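Residue numbers (the numbering used here), protein chains in the order written: chain L, 1 to 418; chain G, 419 to 718.
In short, the hints are calculated from the structure, not lab data.
Not the full set, but computed from the structure, chain G residues with beta-carbon under 8 Å of chain L:
1) Asn461
2) Asn547
3) Val549
4) Gly681
5) Glu683
6) Gln684
7) Asn685
Listed next, with one range per pair, are the computed distances between beta-carbon atoms:
8) L/Thr364 with G/Leu579: 45 to 53 Å
9) L/Thr112 with G/Val463: 22 to 30 Å
10) G/Ala503 with L/Asp397: 38 to 46 Å
Please read all numbers here as calculations on a predicted model, not as lab measurements. All C-beta atoms, glycine included, are put in the ideal place defined by N, C-alpha and C.
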Amino acid sequence: MTISRRTLLGTGAALGLLTACGSNTGRGGGGSGGSGPRLAQWYHQYGEAGVEQAVKRYAAAYEKADVQVQWRPGNYDEQTAAALLTDSGPDVFEVNGPSLDQIRQGQVVDLTDLFDGVRGDFNPAVLAPKTYEGKIWAIPQVVDMHLLYYRKSHLDDAGVRPPRSLDELVDAAKALTTEDVKGLFLGNDGGAGALGVTPLHAAGLSSVTEDGGIGFDDPAAARTLGKLHELYADKSLLLGAPADWSDPSAFTQELTAMQWCGLWALPAVEKELGDDFGVLPFPADGSGGKPALPVGAYGAAVSARSKHQEEGKAFLKWLWIDRTEYQEDFALSYGFHIPARLSLAGKAGKLRNGPAADAVRYSTEYGYAEPLLWTPASRTAYQDALSRIIKSGADPDDQLRSVVRTVRAELARAEKTS
Amino acid sequence: MLGAQNRTLWFWVFVGPFALGLALFTYVPLAWSVYLSFFDAHNTVSPDDFVGFGNYTAMLRNDAFTDSLVTFAVFSAFIVPTTFALSLALALMVNRLRRAQAFFRSVFFLPAACSYVVAALIWKLSIFNGVRFGLANTVLGWFGADQTAWLSTTDPPWYWLVIVTVRLWLQAGFYMILFLAGLQRISPVLYEAAAVDGARPGWQVLRHITLPQLRATSVAVALLLVINAFQAFDEFYNLLSDSGGYPPYARPPLVYLYYTALGQEQNLGLGSAGAVILALIIAVVTVGQATWFGLGRKED
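The shape of chain L in the complex, shown without the other chains (with noise of 0.2 Å):
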């Protein structure tokens, strides 16, 4: 993600020009030229030019209220996670979330009744992340997913065919590694931080099953994630990028044969390499296993703490639900992502052909998203034990168990005050 000087010191002064014109008049100034009520929307920054001029554009098509987007460079989650403890938080804001406790401690608006009527038109496997208790907290935007990108040029000179299954990565990552191009890339870390729970799936297990119970406590999962390690101690991985895994460069600027990223970078990609590229899921390990690979959705939330929550709801309905040219050209003029939008997914041009097409393909067939009682501290837990079995060789079944006990003491936390 390139941020340039000025853009950084553009969003500083213009920051600072909302604040001023804030305390004065109460109107005016900044972003957008609706009347009626001052509302506060937050976006994190999207490395894709052009998305914050486009949702600027959109906040000031609003006619009943005077939308303000603030665009919010650095820790979004962090950032927003603060801000919701106080009264000087957005209205409506975007959020990776909400997370479970966010809902329960009530810091998001219940938005179920928004979706009457088109509650069925969403895509279901990023809407059930949103709902708790059978309430929707928060409408999804667009369909983000991860997938991995090979080289075909490469594949062809090392003679390797796009793997099939995790071995098969493996061997491949190991062949296409030379002097100057690392065989894949799956972020600076080694890979415990972009691909999370995606080999547990892969290995046909998952992180919370359906019931609320571990999805991983069996001996398959030590299996696949042991061979995560053989990656790193073949030298395979590219390690130290001035650019994370999130970002194209790496595999742009041939530092890397392979690379798991974003659909996001999809129109970054195919401008650098052409049709030199193809698209695949995470492969599946073992007998029970398939392929898999992550979806999911920032959703557009309203705060708790608004005093304008209604008009806040309205226009996210206005937004998120009513306006579908909106949703479509957020979801596809800017870097690649899926609508939220069954209907509009279908009938997306953009998504029709080539590894587009593939990766929606994959999107429906492999996807999976992760639940909400996989919480922050599960998360953390796992990553952490991840982390020590990619790059440290630690033993997969002693990790895994310290992980049980602590995803254990979450999930009855979670029992018990539902």
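Dock chain G against the given chain L, drawing on the hints supplied.
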């Protein structure tokens, strides 16, 4: 005209804002954090689920937290003597220069003006990045060495090299200035007397004249270094964190607590309990150190 009353008034005019700020931004949050540490406070600062010492026992049984304390002890035990020795050596060398002393003083001091975040990013992205065009890898490449992923290699733990060098580069110059000031206060008469008594220049003079004369400065430097090591956060966070979180190694307590309390986890109760434990450890160490150095005792 300037009676006792006015003196009181002026006292509060000058001290008041500071005292108010201290109370509002330091003591109130401190007390609040202690309060929170006794509650199950997920995503809230006004909790109602009292758990007693539950958070404390959970934190002390948590391997990640105890590991972070060990990490941090090892880091302090290494960085404090190293910085101390390096800045003293720089000061002794610069002090002996006859020409261009001001120039070298400035050159070594300048890094102290650089922010930890900026320096960490330069170290991470250009000097010690893991690819072939990183500075360190380019230089090693001339000698035919393989490229090394400095921040991602746990065996051997190369990340310590990155963390330690950035801190040394940033800090050594500042402490060098303190030592220089101390050196310049030593009266030349002492050295002349030592020479007359037959002390050999070099180690003997350093051991028996310079170091004892630098005692006050050394104590101050050691204390400042320990406090700085306690507060280590910026360079660790900026060097090692990524969008997926923070790796389980080289994770000092402040970074761990940051993720627990302020990251997505938002477990403010547990985070506060950890902060209180950490504060107690720091208090004990500081008091112990002050007693050991005899801080506050009158110089003989």
